[in-house]
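Colleague: Protein chains in written order, with full-length UniProt numbering: chain A, 1 to 64; chain B, 1 to 404.
Bear in mind the hints are in silico, worked out from the structure with no lab data behind them. Predicted, not measured: the structure shown is a model, and the values here were computed from it. Idealized CB from N, CA, C, for every residue including glycine. Careful, some of the hints might be misleading.
To be verified - DSSO-like cross-link-like pairs, simulated, lysine-lysine; straight-line CA separation at most 27 Å:
hint, chain 1, residue 1, chain 2, residue 2
1, A, K49, A, K9
2, A, K49, B, K113
3, B, K60, B, K202
4, B, K167, B, K202
5, B, K71, A, K49
6, B, K60, B, K71
7, A, K9, B, K202
8, B, K60, A, K49
9, B, K60, A, K9
10, B, K379, B, K109
11, B, K370, B, K113
As the list claims (entries may be wrong) - What follows is a set of in silico ranges between Cβ atoms, one per label pair, in the way DEER data are often shown:
hint, chain 1, residue 1, chain 2, residue 2, range
12, B, E51, A, P41, 28 to 36 Å
13, A, D28, B, D328, 38 to 46 Å
14, A, A46, B, E189, 45 to 53 Å
15, B, E331, A, L36, 33 to 41 Å
16, B, G201, A, A53, 38 to 46 Å
17, B, T90, A, L36, 33 to 41 Å
18, B, H143, A, A46, 27 to 35 Å
Unchecked claim - Here's a subset of chain B near chain A, in silico, CB distances under 7 Å, partners left out:
hint, residue
19, A108
20, Y125
21, A302
22, G303
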Amino acid sequence: MNIVVDQGKCVGAGQCVLAADDVFDQRDDDGLVDLLDAHPPAERLADVKHAAAVCPASAIAVSE
Amino acid sequence: MSIDAERLTLPLPRPNVLELAPLYEVLRREAPIAPVTTPAGDPAWLVTRFEEVRLLLGDKRFGRSHPEPEKASRVSTAAVQDGPTGEYATEEADHTRMRRLLTPAFSAKRMRKLGDNMEELVDGYLDALVAEHERTGVVDLHHGLAFPLPVAMICRLLGVPEEDNEKFASLSERMAGTEIGDEAQRAREEFMRYMVGLVEGKRGALGEDVISDLVRAQADDETFDYVQMVRLCVGLLFAGHETTVNRIGLGVLFLLTERSRWDALVADPDGRVDAVVEEVMRLGAPGDLGLLRYAREDVDIAGVTIQAGDAVVLSINAANRDATVYSDAEEFNPDRPERTHLGFGHGAHFCIGASLARTELRVVFAALAKRLPQMRLAKELDQLQVRATLTGGVAELPVTWRSA
Numbered sequence: 001m002n003i004v005v006d007q008g009k010c011v012g013a014g015q016c017v018l019a020a021d022d023v024f025d026q027r028d029d030d031g032l033v034d035l036l037d038a039h040p041p042a043e044r045l046a047d048v049k050h051a052a053a054v055c056p057a058s059a060i061a062v063s064e
Numbered sequence: 001m002s003i004d005a006e007r008l009t010l011p012l013p014r015p016n017v018l019e020l021a022p023l024y025e026v027l028r029r030e031a032p033i034a035p036v037t038t039p040a041g042d043p044a045w046l047v048t049r050f051e052e053v054r055l056l057l058g059d060k061r062f063g064r065s066h067p068e069p070e071k072a073s074r075v076s077t078a079a080v081q082d083g084p085t086g087e088y089a090t091e092e093a094d095h096t097r098m099r100r101l102l103t104p105a106f107s108a109k110r111m112r113k114l115g116d117n118m119e120e121l122v123d124g125y126l127d128a129l130v131a132e133h134e135r136t137g138v139v140d141l142h143h144g145l146a147f148p149l150p151v152a153m154i155c156r157l158l159g160v161p162e163e164d165n166e167k168f169a170s171l172s173e174r175m176a177g178t179e180i181g182d183e184a185q186r187a188r189e190e191f192m193r194y195m196v197g198l199v200e201g202k203r204g205a206l207g208e209d210v211i212s213d214l215v216r217a218q219a220d221d222e223t224f225d226y227v228q229m230v231r232l233c234v235g236l237l238f239a240g241h242e243t244t245v246n247r248i249g250l251g252v253l254f255l256l257t258e259r260s261r262w263d264a265l266v267a268d269p270d271g272r273v274d275a276v277v278e279e280v281m282r283l284g285a286p287g288d289l290g291l292l293r294y295a296r297e298d299v300d301i302a303g304v305t306i307q308a309g310d311a312v313v314l315s316i317n318a319a320n321r322d323a324t325v326y327s328d329a330e331e332f333n334p335d336r337p338e339r340t341h342l343g344f345g346h347g348a349h350f351c352i353g354a355s356l357a358r359t360e361l362r363v364v365f366a367a368l369a370k371r372l373p374q375m376r377l378a379k380e381l382d383q384l385q386v387r388a389t390l391t392g393g394v395a396e397l398p399v400t401w402r403s404a
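Only chain B is shown next, with the shape it has when bound in the complex (with noise of 0.2 Å):
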């Protein structure tokens, strides 16, 4: 296989919602840096090495906004990482801002303080999942587990009413749709309309949750616009859900496609979970794309010159299957030597979410090996729905532990 000297068109057909595009394969050894058309339409960059992935994510030259918002290239036509965000001039200064306020929020010590409640939680799920099960034999653990954990703990940790979960679900779902057009855009709106009503609602009575946080920091700081609060807010409660259920999604298909990895975990979950949360972490793939920057100044690197303004997709699903990096790098084995990847991210924009993401995963699939020890998927893999979003994932997890 070799590439074609005319441009790839993203995203690259993948066999399964567990699998790449070989072309991967390719183009990290043959053309790491790749001029690609985004499916938008527009010209990009896209990265696929984990040296060059890495290097970029950590480069200041590389940031999120873009000089001329209306001429920058559009990567997607979901309303999520489609394009540009935030101010040119101000971008680093607005971001440092951000995270010096949500940090603490979000600090290991504090996620870690949160597992024995989610815990009970999870109990509870599994509970309901194991007394619907004696009914009907087949239970989705999507929307029995995966869906409800990650909502109700950001839910508590940002100050949303758990009952608007339908509500901000739906619009989450839509605003990442890849298949959609418009509607994509219009579902933005309508959850910035959503978030502004829940913002103001609070404001006469504000408590201890990131939201109320926000809204007192920005209403001290006149340089701290409202639309850009309002959209983080969102931007949280999106990416505060919507990663973490697709990834339980897909540790569970990594887990239950193969039963040694499942019996592995099975016979030591407290021992072997940090590890296998690790390597979902890294090998688990969601979406077709990868994180986009725009460069802010012409960069020459990898044989390439990216100009200044252009769009580069990095591709964490390809650097976190680097040969040159991982050994039988396509393989899940948790007790690879390997200890690091790019699951999270790097450099500023690392996801601040992940002690969060770590503590429920880490309880997720170990409450799981301990209860359900002899769970099995009800449906094959290749029959499972995939959801047409940015974030990808599936829409339905059928197990069961009947006897065969």
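One chain only, chain A, in its complex shape (with noise of 0.2 Å):
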């Protein structure tokens, strides 16, 4: 799996750390996105599409 964050994009709502905290954060000084991990093992697809899909400024990109 492959994902790509635009920070461009965000608007520093959370709830991709909601959907997936082991792969996705906060920031502390801005609150936008901080991608911990671009490169999740295969299991985590579902929670990592519900996040790009719930994500209000579609700011994440997923490719299996």
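Fit the two chains together into the complex; they arrive one by one in their own frames, and the hints show the way.
Modeller: Written out as structure tokens, the structure is:
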């Protein structure tokens, strides 16, 4: 799996952190997305896809 | 049922505080973007289908400001989300600056860390309610829990004295009032004066709180208008408690009006509370309108042309019950396969307090299920006093756990 995040689009909603906090975090200084793991194992796919789907700014792209 | 060729007038009357007007179902199917007359008597577009509501929330051709604010349609006689706000020319930059300033203070991680603190607070409120119940047999969860928790949390985050809660709660209530005419506008002005007093009182001794952060940022940035800063503080204090107070009330009603829903949560509070909270966010439908936007240019969508300057009311309530998106859309079912909803909005204006609200709701519903498993409503749903405000909800939540 490969994940790309766009900090320019991110609005700091934190939805991705709720969906998969082992993969996404929010930076302390500005609250924007911090990608902890760009290549998580395949069994995390459902949660990562959910994170991308609920991102209000469509700032997460996932490819398998 | 079909739609009259004439313009509909909002609000569409609803059967009770938990259900929506049946007409929304027809609108979603036959006229997902319909011309309507607002409660203020002005023309607007009402958007009811999930797809279009989500699309327009994320579309930069729609904003909160208007090039000629005095000519803009007004959607409500309340003094919140009633008309355009902000400067048309600088709206996006102003909004981006605001998000940058506020996002760290409301991040998911920080809100989770407040969870333990919230649990202690909620335990204290429940102790007091249990003691009262021993004397009276019936207690009001609205005054004893739904109101004080969000108020205490937003006061701590913003740096507002908690002892002012009656003052700002009453100002919020009047500011959002839909049946009090100009009184709502007067309440907004009074709220602004209250906030100016608070801001100026802090200025000499700024602390670690959101209002202090905003005062510092405004002092350091000459493009950051003072009135805009004060208005933002008012908005945060208003939205930071009003919305969650209502949502706790609606959630309790969904759970207690159908015993099997409550029993399922009681059986496994920690395992089920997250899904319950999301379903309360999806199905809870506060207020009768929706989120307000103005078109910044002409937009063709769903068979209509929305012209630049037109007002658009995005019905989150209707979108979250769209049968083309949700199976048994009107049913309260935390186990549903669909995991998304628009309860916190979408796009650039996505609720900045979403993680705060989720944490509060989880703590409240888990604690209620653990400590008061026998709880039931002490009044019929139809007898509960509904608030005549833009954000709706109930003014009382009488419950009992006496053996019947």
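Colleague: Of the hints stated earlier, which fail here?
Modeller: Checked against the structure, the hints that fail are numbers 3, 5, 7, 10, 18, 20, 21, 22, while the rest are satisfied.
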